[in-house]
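Enquirer: Please model the complete structure; the sequences and the hints are all you need to start from.
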Amino acid sequence: MGELFGLDGGVIVLTCFALIIVLFIFILIVSIKLASLRKRYTQMINGSKAENMEQIIIDMQKGLNEQKAESVATSAKVETIRQALMKTKSKVAIHRYNAFNEGGSDLSFTIAILDEYQDGIILTGIHSREQMYLYAKPIQNAKSTYTLSPEEKEAINQTLKQP
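By full-length UniProt numbering, the letter at position 133 of the sequence shown is numbered 133, and the numbering carries on one by one without gaps.
Read the hints as simulated data drawn from the structure, not as lab findings. Take the hints with a grain of salt, since some may be wrong.
Unchecked claim - Simulated restraints, written as ranges between beta carbons of each label pair: (1) ILE58 <-> THR80: 44 to 52 Å; (2) ILE56 <-> LYS89: 50 to 58 Å; (3) GLU70 <-> SER31: 41 to 49 Å; (4) GLN43 <-> ALA76: 34 to 42 Å; (5) MET53 <-> LEU28: 23 to 31 Å; (6) ALA76 <-> LYS143: 29 to 37 Å.
To be verified - Dumping the calculated PhoX-like pairs for lysine-lysine here, alpha-carbon to alpha-carbon at most 20 Å: (7) LYS87 <-> LYS77; (8) LYS143 <-> LYS153; (9) LYS143 <-> LYS161.
Ideal Cβ placement from N, Cα and C applies to all residues, glycine included.
Expert: Structure below.
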């Protein structure tokens, strides 16, 4: 069996050896690419224990749904807080004046304390030389069931001008 296909035995051995080297280089390149892909896959799943991409996507969708539900709940809480804030008596104005034109200074006052709905209270203090009187009147929609003095109306108007 000296010659196979008309080739010398040494040529066959060299050809087989060259083919083995080419295959070895090919296997080496494929192994390097596989290691790179494995590394990228590990980075992509970020250390999760999922066996396949389908499970990762299902977990991500579940997380998104939970975040949406949490966002809806948070929005509802924010709206409740916003409604409560509108009812807080945050618009305050004071109008000082001299109730009696007998000299002296502006010791009489009216304080309007209202919310965003223009509901609240008016406090009026009338100061004279001998005594002081304090009156309180409820306010709804910037009006009262009691007669309002011009000073009380002015205090309400000052609160309405506030942002």
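Enquirer: Take the C-alpha atoms of LYS87 and LYS77, compute the straight-line distance between them, and say whether it is at most 20 Å.
Expert: holds (16 Å)
Enquirer: Does the Cβ-Cβ separation between ALA76 and LYS143 fall within 29 to 37 Å?
Expert: holds (33 Å)
Enquirer: What's the verdict on LYS143 and LYS153, does the C-alpha distance respect the 20 Å limit or exceed it?
Expert: Since the Cα atoms of LYS143 and LYS153 sit roughly 9 Å apart, the hinted pair holds (cutoff 20 Å).
Enquirer: Range first: 44 to 52 Å. Now tell me if the beta carbons of ILE58 and THR80 are that far apart.
Expert: Given a distance of about 34 Å, which is not inside 44 to 52 Å, the answer is violated.
Enquirer: Are GLU70 and SER31 spaced within 41 to 49 Å by their CB atoms?
Expert: Because 45 Å falls inside the window, the suggested range holds.
Enquirer: Taking 23 to 31 Å as the stated bounds, is the beta-carbon spacing between MET53 and LEU28 within them?
Expert: holds (28 Å)
Enquirer: Could one say that the CB atoms of ILE56 and LYS89 fall in the range 50 to 58 Å?
Expert: holds (53 Å)
Enquirer: Compare the distance between the alpha carbons of LYS143 and LYS161 with 20 Å, and conclude whether the hinted pair is satisfied.
Expert: holds (15 Å)
Enquirer: Should the hint that GLN43 and ALA76 are 34 to 42 Å apart at their CB atoms be regarded as holding?
Expert: holds (38 Å)
Checked against the numbered hints above, the structure violates only hint 1.
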